[in-house]
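K.L.:
Sequence:
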Amino acid sequence: MSDQFLDAALRDAYLARDVVTARAGTALTTTCRSQQTSDLPSSGSVECRCGAAAGWRVTIGQVGSWWRDDLGRAVSALVALLSAAAFTVVGAPASAPTPAAVTASVSASVPASASAGVFGVPFEVFSGHGPGSVALDDLRGDGRTDIITVNLGDATVAVLLADGHGAFGPPQLYPTGPGPSGLATGDLNGDNVVDLAVSNQYNATVTVLLGRGDGTFGVPVAYPTGSGPSGVVIGDLTGRGTADLAVSDQFDGTVAVLLGRGDGTFGPPRLLPAGPGPSALAVDRLNDDDWSDLAVTNVADGTVVVLAGAGDGRFGAPRPYLTGPGPSSVSTGDVTGDARADLLVTNAGDATVSVLPATGHGTFGAGWSYLTGPGPSSVTLGDVTGDEVDDLAVANAGNATVSVLVGRGDSSFAPQRIYPAGPAPASLAEGDLTGRGGTDLAVANGRGSTVSILPAGVGVGQRQPTCDAHPGSPDIAW
1 MSDQFLDAAL RDAYLARDVV TARAGTALTT TCRSQQTSDL PSSGSVECRC GAAAGWRVTI
61 GQVGSWWRDD LGRAVSALVA LLSAAAFTVV GAPASAPTPA AVTASVSASV PASASAGVFG
121 VPFEVFSGHG PGSVALDDLR GDGRTDIITV NLGDATVAVL LADGHGAFGP PQLYPTGPGP
181 SGLATGDLNG DNVVDLAVSN QYNATVTVLL GRGDGTFGVP VAYPTGSGPS GVVIGDLTGR
241 GTADLAVSDQ FDGTVAVLLG RGDGTFGPPR LLPAGPGPSA LAVDRLNDDD WSDLAVTNVA
301 DGTVVVLAGA GDGRFGAPRP YLTGPGPSSV STGDVTGDAR ADLLVTNAGD ATVSVLPATG
361 HGTFGAGWSY LTGPGPSSVT LGDVTGDEVD DLAVANAGNA TVSVLVGRGD SSFAPQRIYP
421 AGPAPASLAE GDLTGRGGTD LAVANGRGST VSILPAGVGV GQRQPTCDAH PGSPDIAW
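Those letters in the sequence shown? Residues 1 to 478, per full-length UniProt numbering, in order.
Keep in mind the hints are simulated off the structure, nothing from the lab.
There could be a bad hint or two in this list.
[Claimed, not checked] Derived CB-CB ranges, DEER-like:
| # | residue 1 | residue 2 | range |
| --- | --- | --- | --- |
| 1 | PRO273 | GLY311 | 34 to 44 angstroms |
| 2 | GLY267 | SER369 | 37 to 47 angstroms |
| 3 | GLY360 | ASP312 | 18 to 28 angstroms |
| 4 | GLY316 | GLY241 | 34 to 44 angstroms |
Keep in mind it's a predicted model, so treat the numbers as computed, not measured.
The C-beta atom is built at its ideal place from N, Cα and C for all residues, glycine as well.
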């Protein structure tokens, strides 16, 4: 796939009639220059055609902020990823006329990240202020992957419904308690519809929102927890087939277990000791029985503790394992290929992710660590490269990036590949967000108001449409 370039002066209200034929994964970049920063456009569009077929438009948006070139002119770049199999690109008017003082050029090229075969050019969707956690699920039962975030800045949970081609509707906001921090999705009342649970750090509650099956939710109901709830998970903790809640309580060193009644309501919290400063938790079968267990990270002493479930809502004493300093999140998955759940922990104190391998009977080995970006906040395990080997993806709050560590297939991971995200990524989740069959990433930008979408690179586990079979909206739009 060779790079192809097109340069042309944009004239008559930012109108280009030059044409370039491009392939899948091509990034269209419009670069505008002017002495006045106020003259620079912040958005526009490009028309795409399949041969002589009617075209569709891809919206393009500004990447980063303007900068100065060597002649002192202000420069702004607009980028969109073009994702049809093969098509023609035709310049189209911007959303607002561009002053005559602005000169511009258009180029079409394959971005480095797409040619590397993991992720293409990222784009952002508005979520709400200060999204601290993100989850992906099918909220309408239509096979499309929707986005849910909890927003610390305005004490809401936001629902962004997908169109199946990489675009999302405006956020539908529902109130939570103050300081929402953790988010979990699952069926809480047995109606086969996705419900939400949100931990609220500032008033020691967890909010439950029952889904209606159409992407909307009922009135939020709050239940008490321990002090300073930070994370929340949904799981069957009693073996009765009903959904229960577990919440890590950072201020009092406990985990609150709320047993479900099967109808979407929950009993009073049972507080279990966890350790100093529980920051996150995960639920999985971590030993050789059939009961759900809990893994909890303790930020104050650099440990992850395992609480073995008894199958009746009770748990054993916490068993600690050393991690790196400042463990911020924990996930589970089979890294070593022995059909046991291993532990994955991000360590904000030394910019690493630790892998603690299961050794059987609910115990874990000392493990090993890999470098990430600064302030890693969240980790997922999944096949993002399409080679049937699981990889690690880590959100880095310290430098607005995502690290991808490609699995080698021998329980180890390659050094990180770095991809841009928004300000202070606080959480990430993976799923097919563009409808192309690949594994995309959604990243909640904690110091912004957006979720960054990192689409799987061209050819990575995707269905490749032909030009004639793709007359509708593009998979990815800025």
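K.L.:
None of the hints should be skipped; say for each whether it holds.
P.N.:
Consistency of the hints with the structure:
1. PRO273 - GLY311: 34 to 44 angstroms: violated, 20 angstroms
2. GLY267 - SER369: 37 to 47 angstroms: holds, 39 angstroms
3. GLY360 - ASP312: 18 to 28 angstroms: holds, 23 angstroms
4. GLY316 - GLY241: 34 to 44 angstroms: violated, 22 angstroms
Of the numbered hints listed earlier, those contradicted by the structure are 1, 4.
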